[in-house]
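So the sequences go chain by chain: F and R. Under the working numbering, the first residue of the first sequence carries the number 5, and numbering increases by one thereafter. Under the working numbering, the first residue of the second sequence carries the number 38, and numbering increases by one thereafter.
Bear in mind the hints are in silico, worked out from the structure with no lab data behind them. Incorrect hints may have been included.
[Claimed, not checked] Selected chain R positions facing chain F (in silico; Cβ < 10 Å):
(1) L117
(2) R125
(3) S227
(4) F230
(5) K234
(6) A238
On a predicted model such as this, the values are computed, not experimentally measured, just so you know. Note that beta-carbon positions come from the ideal geometry of N, C-alpha and C, so glycine has one too.
Here is what each chain is made of, one letter per residue.
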Amino acid sequence: MNLTLKVWRQKSTSEQGKLVEYKVSEISEDMSFLEMMDVLNYKLIESGDDPVAFDHDCREGICGMCSMFINGEAHGPNRGVTTCQLHMRSFKDGDTIYIEPWRSAAFPVIKDLMVDRSAFDRVQQAGGFISVNTSGRTLDANAIPVPKEDADKSFDAATCIGCGACVATCPNGSAMLFVSAKVSQYALLPQGQVERKERVLNMVKKMDEEGFGNCSNIGACEVQCPKNISLDNIARMNREYLMASIKPEN
Amino acid sequence: MASAIFKSSLTKKFWMALTGIFLISFLVVHCAINATIFFNDGGKTFNVWAHFMGTNIIIRTMEIVLFAGLLLHVIDGLILYFQNRKARPVKYAYEKSSASSTWYSRSMALLGTLILLFLILHMYHFWFKTRITHLDVTNHVMMIDGLEYENLYAQMQLVFSNLIVVIVYVLGCISLFWHLLHGFKSAFQSLGFNHLKYKNAIAFVGDAFSVIIPAIFAAMPLAFYLKFIQ
C-alpha cells in the first residue's frame, strides 16, 4: 500500500517544530506501524536526510516506550494495543496518516516524536514502591495470603506500562490514570500497607508539581489506554487520598 | 483557607464534587416548590411557599451557604480550567477527541459559564426584585385566607410574557441538562463512590435527574408564555 505521512519534525526541545509530509510506498499490511516507520527512516537515511526520532524498545507491547499520536488517537485507532502492536492492515491504501508526539506540558518534546517522560519516573520515586526486608529473612510473597479479588484488581492495575497515552489523550494533560494505577496496585496488597497513606499523598503532590493537569472525569484515558486500565483506579485513588488526608497517621 | 481548599489537584476535585452535589440538592428544592405553579390555582400555593422560603430563618441562612457554595464551585471551576489549559499548551494538528469522550464532558467550563450568565439574568428577574428592590407588577400583594402575601407568581407571569426571555430561560435549562449529564456522575467518581454494586444506579439516577429537572424548569416559562397556566 502507498501512504502519505504527515510527521511532526522538531530538532530539539527549544526549537519550533512542524508537520512534514512524506510518501511511503510498498508497505505490507502485515507490517507493524513501527516497521512502516523503519521503512520511512531507511528511505530518509538513503537520501541523506535526518531520520525521524521515535521511542521504541520491546516491540511486543510491554515496555511502554512507543508513544505516537496517530490520526488524533494515542497508539492509533485500535483499542488495547500499543503503537508497536498496531498493524498496517488497520489502514487503507492511499490514506494520509498524521503522526504527532504526546502533547503535554509535563512531557516536553526531545526530538521529533520522542518526548521526555521522566516526570513519570519522579512520580513513581515519590511513593511507587514498597519496603522489603532484604536481610536474608525476606518473607516469601507467595506465603502471604491475598484475597483473589484483590489480587486480580492489583494485577490489573499493575499491567500499566507507563507509556503516557493517558496524559497524551487527556484534554487536561492529567496523569491520574497512571498515578492511580500505581497507587492501587500497592493499596490492594498486604505488602503495600506500610506506606499506604504517605504513598498516595506524596505521589499526588509530585504529580501536581510536575505540571500535570486535573482530572475532570472525561474518561478518554481509559478508552485510549493500551492496557485497559480502568477509571475505577482513579476513584480508588480519590478514596485513598481522602482517607489519608482526614487521618494521616496509620 | 484557600490553600487548604485548593491544596492539590484532588482537593480541588473534592470541592468541585461537594459543591456540585450541594447545588444539585438545591435544584431539587427549587424545582419542587416552583412546580406548585402547575396546580394552576392562580399562584396561591406557590406564593405561600415563596413566602415561607423568603422568611424562614433556616432557609435564609442556607441562602448564604448557597451563594458561598456557588461561588466556590465557580472559582474552583475556573482554577481547574486555566490549570488544565496550561497542562496542555500545544494542540494536536489532528484532533479526534470524539473517539474517546463526549463533547459535553469536555465542555463543562463553557456550559458552566452559560449557566452563570443565565443565573445573573434569573437573579435580576426574581431574587433582586423581591429581596433588594420591589416587584415590577402592580398587583404585588395577594390576599390568601386574610393574610397578605407577596405576589411572586404575578412577577413570573410578567417576566415570562416576553418571548426572548422565555427562549433564554429554555436555553439556560438546556445548558443545565448537559452540565448535569456529566457533572452528576462525575461528582460521585471524584469522591470515590464507584463500587460495582451502585455505579450503574448512580449513572441511571444521574441521567434521569439531568433530563427531568431541567425539563420541569423549562416547562415553567413555556407554560406561562403559552398560557397553559393563568
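Tested hints:
1. With 10 Å as the threshold, the beta carbon of R:L117 comes within range of chain F, its nearest partner Cβ sitting at about 5 Å, so the hint holds.
2. Interface restraint check: R:R125 against chain F, minimum CB-CB distance 4 Å, threshold 10 Å, status holds.
3. At about 6 Å, the closest approach between the beta carbon of R:S227 and any beta carbon in chain F falls short of 10 Å, and the interface hint on this residue holds.
4. The interface hint given for R:F230 is met, as the beta carbon of that residue sits about 7 Å from the closest beta carbon of chain F, less than 10 Å.
5. Proximity of R:K234 to chain F is violated relative to the hint, the smallest CB-CB distance being about 12 Å (cut-off 10 Å).
6. Contact between R:A238 and chain F, as hinted, is not supported at the beta carbon level, the nearest pair being about 15 Å apart and thus beyond 10 Å.
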